[in-house]
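Asks: Each chain, written out:
There are 2 protein chains.
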Amino acid sequence: MARSDIPDIVIGRLPIYLRALTHLRQEGQEITSSHELGRQLGISSAQIRKDLSHFGEFGKQGTGYNIASLSAELQRILHVDREWKVALVGIGDLGRALANYGGFAHRGFRITHLFDRDPNKIGQIIGNLEILAVDGMRAVLRADRVEVAMITTPAGAAQAVADELVEAGVRAILNYAPIALSVPASVRVQYIDPVLHLQRMVYYLE
Amino acid sequence: MARSDIPDIVIGRLPIYLRALTHLRQEGQEITSSHELGRQLGISSAQIRKDLSHFGEFGKQGTGYNIASLSAELQRILHVDREWKVALVGIGDLGRALANYGGFAHRGFRITHLFDRDPNKIGQIIGNLEILAVDGMRAVLRADRVEVAMITTPAGAAQAVADELVEAGVRAILNYAPIALSVPASVRVQYIDPVLHLQRMVYYLE
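Chain order of the listed sequences is A and B. Residue 1337, in the numbering used here, is where the first sequence stops; the numbers in between run on with no holes. Residue 1337, in the numbering used here, is where the second sequence stops; the numbers in between run on with no holes.
Be aware that one or more of the hints could be misleading.
Which copy is meant is left open, so a pair is good if it fits within one copy or across any two.
Restricting the straight-line Cα-Cα distance to at most 25 Å, the calculated cross-link-like pairs of lysine to aspartate or glutamate (DMTMM-like) are [as the list claims (entries may be wrong)]:
hint, residue 1, residue 2
1, Lys1181, Asp1139
2, Lys1252, Glu1188
3, Lys1252, Glu1337
4, Lys1252, Glu1161
5, Lys1216, Glu1337
6, Lys1181, Asp1136
7, Lys1252, Asp1224
8, Lys1181, Glu1204
9, Lys1216, Glu1161
10, Lys1252, Glu1214
11, Lys1216, Asp1324
12, Lys1216, Asp1294
13, Lys1216, Asp1136
14, Lys1181, Glu1298
15, Lys1181, Asp1224
16, Lys1216, Glu1188
17, Lys1181, Asp1212
18, Lys1181, Glu1261
19, Lys1252, Asp1139
The hints are simulated quantities; they were obtained by calculation from the structure and are not laboratory data.
Please work from the sequences and hints to get the whole structure.
Replies: Here it is as structure tokens:
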């Protein structure tokens, strides 16, 4: 099946499966099943088997999935069997937290560029990265072929930053700013919005 | 239909609809349709109508949805027509960013308590809130009847904090720490994991 024919909702679940497999592997487990994964994730085992069937045959009835090989396969499918460079724009408290976040390694991403427009921040070092001026961002990202970025600026600055990122050749943007971005159809945007998650939980509280 | 019979995946989409309606309203629009919402959100209009039909009749064929009344209805359904107190535990860079985040207001939540275990941070003021000692957390949250919390501690501290929160009566936890939490079935947990979102996007890049 062509990549473009697989529903976004299915693709959206693959990283969840990959994360669960990684946890099982870290606990020393070698084999799992759609039933075990389903129980852990609150997804039906039939759904998991159907999702994976878009990409071929994994595991056999009765023997389950080999965790290492299914993980490798999912990484290949998701294009995270490589390491993507990531630019981070807006080095406030949140940007600083993400720059120091250890959770990107071994999952396909590495923050390689930090940008801010505040002259007092430009030139500062976080980890082993220097904060660069957002003015020069387009040229730097083009030269270094960076295709993934995270926006952690205030809402008012985010659209202008997104426009620059698109001009620079970035094709995937994770936006933490509380504003909907307008980008060309060829560019993917996802949003981190803590309120969505909170709302999904309090529905169940009286 | 009883609340518990409605699939989690449907509940998960309601906050997305509510956010889209809020944006339209802020732009001065009064009426929308499942087609317009669907186009904006990349969800089929049939799916949107089906999701909403779990909760009754909204809008009429041909006349669309009144944005204000559908918003009010979704707020009521999601229990965000009130303001939930939220405790924030772990006041590092990320906790500080969330404490200063303007996006909670008018969406059903207000951060009312900040906790940390670092003696140098305890007593500091962020906004109009004092950072309290995590040692006294259980008693404070019980007394103030706080049912919602966000964990922004390092991974190693998160499970112990979650245990304390559960003891304190918290029933909904948004976890930013990169670790799966173990909590009783009566407690809801959601995770903020930027890598999931990045992985969902680079699937589409070559």
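Asks: Just pull the numbers of the violated hints for me, sorted ascending.
Replies: Checked against the structure, the hints that fail are numbers 2, 3, 4, 9, 10, 13, 14, 15, 16, 18 and 19, while the rest are satisfied.
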